[in-house]
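Join the two chains, each given in its own frame, into one complex according to the hints.
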Amino acid sequence: MLVLSRQRDESIIIGDHIVVTIVDIRGDKVRLGIDAPTEIPVHRREVYEAIQRENLRAAHLDTSDTRELGAAPARSKPSAG
Amino acid sequence: MEIRTTRFGPVEFRPEDVILFEEGLLGLAECREWVLLADVQNDAVAWMQSLDQPEVALAVVSPRRFVPAFQMRVASRELQPLELDGTASAQVLVIVSKTDRLVTLNLKAPLVINLSRRIGRQVITNGELPVQYEITGTPAPTKKIA
Numbered sequence: 001m002l003v004l005s006r007q008r009d010e011s012i013i014i015g016d017h018i019v020v021t022i023v024d025i026r027g028d029k030v031r032l033g034i035d036a037p038t039e040i041p042v043h044r045r046e047v048y049e050a051i052q053r054e055n056l057r058a059a060h061l062d063t064s065d066t067r068e069l070g071a072a073p074a075r076s077k078p079s080a081g
Numbered sequence: 001m002e003i004r005t006t007r008f009g010p011v012e013f014r015p016e017d018v019i020l021f022e023e024g025l026l027g028l029a030e031c032r033e034w035v036l037l038a039d040v041q042n043d044a045v046a047w048m049q050s051l052d053q054p055e056v057a058l059a060v061v062s063p064r065r066f067v068p069a070f071q072m073r074v075a076s077r078e079l080q081p082l083e084l085d086g087t088a089s090a091q092v093l094v095i096v097s098k099t100d101r102l103v104t105l106n107l108k109a110p111l112v113i114n115l116s117r118r119i120g121r122q123v124i125t126n127g128e129l130p131v132q133y134e135i136t137g138t139p140a141p142t143k144k145i146a
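Protein sequences, first through last, are from chains A and B. Heads up: the first sequence at position 5 corresponds to 5 in this note's numbering, and the numbers run straight through without jumps. Heads up: the second sequence at position 90 corresponds to 90 in this note's numbering, and the numbers run straight through without jumps.
Okay, chain B solo, but in the shape it has when bound (with noise of 0.2 angstroms):
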C-alpha cells in the first residue's frame, strides 16, 4: 500500500504497519491510522504519519534518549484500552514541537503503543511534566530503543 505524503513524497507500506489510536489525537480526533517512519541514517528522531491526512506528520522521539530521569505517571485508565499485558510490550513517544527559538517535547501527554497489538493512545500523565520542555544541547549516546 502507498501514501503520497506531503513531506516525504509516496511512501509504501504494509497493513501489519499501521498503528491504529482508536481515538486518534487531542486536537487530530480524525487522524487515527498512522505509520511510524524510521530514518535510516538517524535513529533519534522518527516519524508518524497519518494515513487519514498526508499533510500531517510529528517527530516523535524516546523520551530517556533526551530526558534521562523521564518517569511515565499515568492513570490505569488511559492506558486500560491498550490492552498492555506487562510493560514490555510498550512504546513511549514523546511529540517534538518547536517555539520561536527551541525545539521542544511534549512530556506531558506522550504517545503510548501496544506493540504487539499495533494500537496506540495519547495519553495525559499526572503531576507538572511540561507540554513544552527545551530541548539544549545534543542527546545521550545510542542505545537500543525497545
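Okay, chain A solo, but in the shape it has when bound (with noise of 0.2 angstroms):
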C-alpha cells in the first residue's frame, strides 16, 4: 500500500482521472472529497465487499429456490421488455 500524508484540503491525484481531497479532519474521522469519472463506482470499502459477497451467493440459486416466490419457472424465453 503506498501510503501518503495529507493535510486539509490537500489532495492526491490517481492515474489521470481520479482526485481525492482532504476537505475536512475532525478527531478520528476524515472527511474526503473524490473526483473521478461516473464510469467509475466510489463507494465505502465495507458496502462494496458485502455487495460482492451477496452477488455470489445470489449467484447459486437455482429454480427451486424461488419457488415460494411463485411457481418455479417451467419455460424459459426472453423478456420482452
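Hints in this document: simulated from the structure, not taken from any laboratory. Values in this document were obtained by computation on a predicted structure and should not be read as measured data. Where a beta carbon is used, it is the ideal one built from N, C-alpha and C, also for glycine. You may find that some hints are simply not true.
[Said to hold, decoys possible] In silico negatives: residues of chain B with every beta carbon more than 10 angstroms from chain A:
#1 E23
#2 D52
#3 R73
#4 R77
#5 L84
[As the list claims (entries may be wrong)] With beta-carbon atoms standing in for the labels, derived distance ranges:
#6 A:V19 x B:G9: 48 to 58 angstroms
#7 A:T38 x B:E128: 51 to 61 angstroms
#8 A:Q7 x B:T99: 43 to 53 angstroms
#9 B:E30 x A:E10: 31 to 41 angstroms
#10 B:D100 x A:T38: 35 to 45 angstroms
[As the list claims (entries may be wrong)] Derived lysine to aspartate or glutamate pairs resembling EDC-like cross-links, with alpha carbons at most 20 angstroms apart:
#11 A:K29 x A:E46
#12 B:K98 x A:D65
#13 A:K29 x A:D9
#14 B:K98 x A:E68
#15 B:K98 x A:E49
#16 B:K98 x B:E134
#17 B:K98 x A:E10
#18 B:K98 x A:E54
#19 B:K98 x B:E55
#20 A:K29 x A:E54
This is the structure in C-alpha cells:
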C-alpha cells in the first residue's frame, strides 16, 4: 500500500482522472472528497464488499429456491421488455 | 443465437435481447452481457442469465411487488452512465438470495436498466436499505411492471 501524508485541503491524484481531497479532519474522522469519472464506482469499502459477497451468494440460487415466490419457471424465454 | 445454460438448458435469444452491464456486477466484473429470462407461468420472478458464464444466473424481482414502500435514493453519478432521460425508460430489479431459512432481496444494490438502450448497472443506494431484506408471506396482487 502506498502511504502518503496529507493535510486538510490537500489532494492526491490517481491515474489521470481520479483526485482524492482531504475535505475535513475532525478527531478520528476524515472527510474525503473524490473526483472521478462517473463510470468508476466509488463506495465505502465495507459496503462494496458486502454487496460482492451477496452477489456471489445469489449467483448460486436455482429455480427451486424461488419456488415460494411463485411457481418455479417451467419454460424460459427472453423478456420482451 | 443460443447459450447453453446450466439451469435452463439451451436458451435462444436475439442480439437485441442482450443487456450490457459495462462494469459487470460487483464481484462479477467479467459478467457484462446478460439476457433477462421471463417465466411465462410466473411473472413474480425473472432470471438474469449471464452470457459470459453460463453457470451464472440471478433471480430478480420488481422491488415494489414485495416491498410496496420501496424507494430508491441514489447519487446521480451512479445513474449517469445509464443516460436515462426521465424515469419512464428505466427498469429497477432487485436480486433474490437466500439465507438458511428465508428468501432475501438485496435492496441496497439494485439493478437499474435503461430498456431502450439495453444497458444496465448495479447501483448502490444511499440510506440504510438492507442487503438482505427477508421476504415472508406472499407478494402483492399482480400489477403490470413497466
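Hint by hint, here is what the structure shows:
1. The beta carbon of B:E23 is not kept farther than 10 angstroms from every beta carbon of chain A, the shortest such distance being approximately 7 angstroms.
2. The claim that B:D52 lies off the interface holds: its Cβ sits roughly 12 angstroms from the closest Cβ of chain A, which is beyond the 10 angstroms cut-off.
3. Its beta-carbon lying about 14 angstroms from the closest one in chain A, B:R73 satisfies the requirement of being farther than 10 angstroms from that chain.
4. Under the 10 angstroms C-beta cut-off, the non-interface status given to B:R77 relative to chain A is violated; the minimum distance is some 5 angstroms.
5. The beta carbon of B:L84 sits about 13 angstroms from the closest Cβ of chain A, which is more than 10 angstroms, so the claim that it is off the interface holds.
6. The beta-carbon spacing between A:V19 and B:G9, approximately 49 angstroms, falls within the hinted interval of 48 to 58 angstroms.
7. Between A:T38 and B:E128 the beta carbons are some 24 angstroms apart, a value that contradicts the proposed interval 51 to 61 angstroms.
8. With their beta carbons about 45 angstroms apart, A:Q7 and B:T99 fall inside the hinted range of 43 to 53 angstroms.
9. Checked against the given bound of 31 to 41 angstroms, the beta carbons of B:E30 and A:E10, roughly 36 angstroms apart, stay inside it.
10. The beta-carbon spacing between B:D100 and A:T38, approximately 38 angstroms, falls within the hinted interval of 35 to 45 angstroms.
11. In summary, the hint linking A:K29 to A:E46 is supported, as the alpha carbons are separated by about 16 angstroms, within the 20 angstroms threshold.
12. Annotation: proposed proximity of B:K98 to A:D65 holds, straight-line Cα distance about 8 angstroms (limit 20 angstroms).
13. Restraint check for A:K29 and A:D9: the C-alpha separation of about 15 angstroms stays at or below 20 angstroms, so the hint holds.
14. Taking the CA atoms of B:K98 and A:E68, the gap is near 11 angstroms; set against the 20 angstroms cutoff, the hint holds.
15. A distance of roughly 18 angstroms separates the Cα atoms of B:K98 and A:E49; the hinted pair therefore holds under the 20 angstroms criterion.
16. With a C-alpha separation of about 9 angstroms, the suggested pair B:K98 and B:E134 falls inside the 20 angstroms cut-off, and the hint holds.
17. Proposed proximity of B:K98 and A:E10 is contradicted: the alpha carbons are some 45 angstroms apart, above 20 angstroms.
18. Distance restraint check for B:K98 and A:E54: the Cα-Cα separation of roughly 10 angstroms lies within the 20 angstroms cut-off, and the hinted pair is therefore satisfied.
19. Our distance criterion of 20 angstroms between C-alpha atoms is met by B:K98 and B:E55, whose separation comes to about 18 angstroms.
20. For the hint pairing A:K29 with A:E54, the CA-to-CA distance comes to about 28 angstroms; that exceeds 20 angstroms, so the pair is violated.
Hint compliance for this structure: hints 1, 4, 7, 17 and 20 are broken, all remaining hints hold.
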